[in-house]
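K.L.:
Between the sequences and the hints, there should be enough to build the whole structure, so can you do that?
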Amino acid sequence: MKKIERVYLSGLGAVGCVYASMIHDTGSAQLSVIADEDRISRYTRDRITINGKEYGFNFILPASDNPPADLILIAVKQHNLDESIRAIKNFIGTDTIILSLLNGISSEEIIGRAYGMDKILRAFVLGTDSLREGTRVSFTNSGKIVFGADRLIGPNSKIESVKDLFDRTGIAHTVPDDIVREQWWKFMMNVGINQVSAILRAPYGVFHSSAEAQELLRMASMEVLAIAHKKGVNLAAADIAKQLDILRTLSPQGKTSMLQDVEAGRKTEVEIFSGAVMALGRELGVPTPVNEILYKMIRTLEGIPTASSSPAPRYPCGPS
Numbered sequence: 100m101k102k103i104e105r106v107y108l109s110g111l112g113a114v115g116c117v118y119a120s121m122i123h124d125t126g127s128a129q130l131s132v133i134a135d136e137d138r139i140s141r142y143t144r145d146r147i148t149i150n151g152k153e154y155g156f157n158f159i160l161p162a163s164d165n166p167p168a169d170l171i172l173i174a175v176k177q178h179n180l181d182e183s184i185r186a187i188k189n190f191i192g193t194d195t196i197i198l199s200l201l202n203g204i205s206s207e208e209i210i211g212r213a214y215g216m217d218k219i220l221r222a223f224v225l226g227t228d229s230l231r232e233g234t235r236v237s238f239t240n241s242g243k244i245v246f247g248a249d250r251l252i253g254p255n256s257k258i259e260s261v262k263d264l265f266d267r268t269g270i271a272h273t274v275p276d277d278i279v280r281e282q283w284w285k286f287m288m289n290v291g292i293n294q295v296s297a298i299l300r301a302p303y304g305v306f307h308s309s310a311e312a313q314e315l316l317r318m319a320s321m322e323v324l325a326i327a328h329k330k331g332v333n334l335a336a337a338d339i340a341k342q343l344d345i346l347r348t349l350s351p352q353g354k355t356s357m358l359q360d361v362e363a364g365r366k367t368e369v370e371i372f373s374g375a376v377m378a379l380g381r382e383l384g385v386p387t388p389v390n391e392i393l394y395k396m397i398r399t400l401e402g403i404p405t406a407s408s409s410p411a412p413r414y415p416c417g418p419s
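Residue numbers for the sequence shown follow the numbering used here, beginning at 100 and rising by one.
No wet-lab data here; the hints were simulated from the structure. Treat the hints with caution; some may be incorrect.
Claimed, not checked - The calculated EDC-like cross-link candidates involving lysine to aspartate or glutamate, where the alpha carbons are at most 16 Å apart (straight line), are:
1) LYS218 with GLU259
2) LYS101 with ASP164
3) LYS341 with GLU314
4) LYS102 with ASP194
5) LYS188 with ASP164
6) LYS243 with ASP263
7) LYS243 with GLU208
8) LYS101 with ASP263
9) LYS102 with GLU370
10) LYS176 with GLU370
11) LYS395 with GLU370
12) LYS218 with ASP266
13) LYS329 with GLU259
14) LYS285 with ASP338
What the hints assert, rightly or not - What follows is a list of derived Cβ distance ranges for each label pair:
15) THR193 with HIS307: 46 to 56 Å
16) GLY192 with GLY151: 30 to 40 Å
17) ASP276 with SER140: 37 to 47 Å
18) GLU311 with ILE345: 18 to 28 Å
19) PRO167 with MET216: 15 to 25 Å
20) SER256 with ASP145: 38 to 48 Å
21) GLY215 with GLY304: 42 to 52 Å
22) ASP194 with GLY364: 40 to 50 Å
23) PRO167 with ARG381: 37 to 47 Å
24) GLY215 with LYS152: 10 to 20 Å
25) ASN333 with LEU225: 10 to 20 Å
26) GLY192 with PRO275: 21 to 31 Å
Glycine included, every Cβ here is placed at the ideal spot set by N, Cα and C.
P.N.:
Next comes the structure, spelled out in structure tokens:
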């Protein structure tokens, strides 16, 4: 097992900041954040603040000649993935491990086309309640990283190296026997909770108590369940109930990433949620009426200016 000493991060959003702060605070590895000049200038001017503490992370440009990474964490949104793939190119070495923390079920294949699937461990984040407002991030629950190899047969040196790093860092983690199934389960959860919460403008607390909100989540998730069965992925109705169990562990004031995006006027990940469900449904002959409605509603919300995305309106004071 190779010890991970150099960790490079692409993406300082709500998720990236959680794990960057944990690696930084424990000193368990040399952490560098890959960013372009504009972002570095902004982060230098307006320091990243995580749970009230300012962080002066070590930033590196994509074109810099730093040594190859032992581990690269990708924590951007799906629509920034292509940019991130280009940004990490200089830091890929023979033994570099890549962990994508993105939502959805497609990022590993996209990264793999650039650098080879042999460098990638599948992964997702579960249970964090991180909130991002500008350069300020707060969380009470760091969640856990679920990761693994496509076919977990016997010892895997990449998995052992990452487990060792997470143990040293205090990052909670799980290595399931079937990571593909678990990714589909998380995808089903995102399709339900993320989209419904964004449309209802509902924090997690609404799903703790509202039977109607829970039913909307279930209806969207059932379409993913039908598609998963067609794809040979062994999900069951009990996996939908498991989503609600997870939600009950989260802060009632916490918000999904999609709700945070809608409130901030940012582009959402609707294309990798209901957009992907609709595409798979067409391919496999599975009706997806609920997700078609959710898709249209969220795309509509994306087009409505918010206080965060638009300048304040200017009203005339009277006749000139």
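K.L.:
Within a Cα-Cα threshold of 16 Å, do LYS218 and GLU259 meet the stated pairing?
P.N.:
holds, 14 Å
K.L.:
Would the pair LYS176 and GLU370 pass a check requiring their Cα atoms to be no farther apart than 16 Å?
P.N.:
With Cα atoms ~11 Å apart, LYS176 and GLU370 stay inside 16 Å; holds.
K.L.:
Has the given pair, LYS285 with ASP338, been kept, meaning a C-alpha gap of at most 16 Å?
P.N.:
holds, 10 Å
K.L.:
For the pair supplied as a hint, LYS341 and GLU314, confirm whether the alpha-carbon distance does not exceed 16 Å.
P.N.:
Within the cut-off at roughly 14 Å; holds.
K.L.:
Is the straight-line distance between the alpha-carbon of LYS243 and that of GLU208 16 Å or less?
P.N.:
violated, 22 Å
K.L.:
May I ask you to test the hint 15 to 25 Å on the CB atoms belonging to PRO167 and MET216?
P.N.:
Distance hint for PRO167, MET216 holds at roughly 18 Å.
K.L.:
Does GLU370 sit within 16 Å of LYS395, going by the straight-line distance between their CA atoms?
P.N.:
holds, 11 Å
K.L.:
Holds or violated: the 42 to 52 Å window for the beta-carbon distance between GLY215 and GLY304?
P.N.:
holds, 43 Å
K.L.:
Going straight from one Cα to the other, do LYS218 and ASP266 come out at no more than 16 Å?
P.N.:
With a Cα-Cα distance of about 21 Å, the restraint between LYS218 and ASP266 is violated, given a limit of 16 Å.
K.L.:
Cβ-Cβ distance between ASN333 and LEU225: within 10 to 20 Å?
P.N.:
holds, 19 Å
K.L.:
Kindly confirm whether 18 to 28 Å is satisfied by the beta carbon distance between GLU311 and ILE345.
P.N.:
Holds, since GLU311 and ILE345 (Cβ atoms, about 19 Å apart) stay within the stated range.
K.L.:
Given a hinted range of 40 to 50 Å, is it respected by the beta-carbon distance of ASP194 and GLY364?
P.N.:
holds, 41 Å
Checked against the numbered hints above, the structure violates hints 2, 7, 9, 12, 13, 24; every other hint is satisfied.
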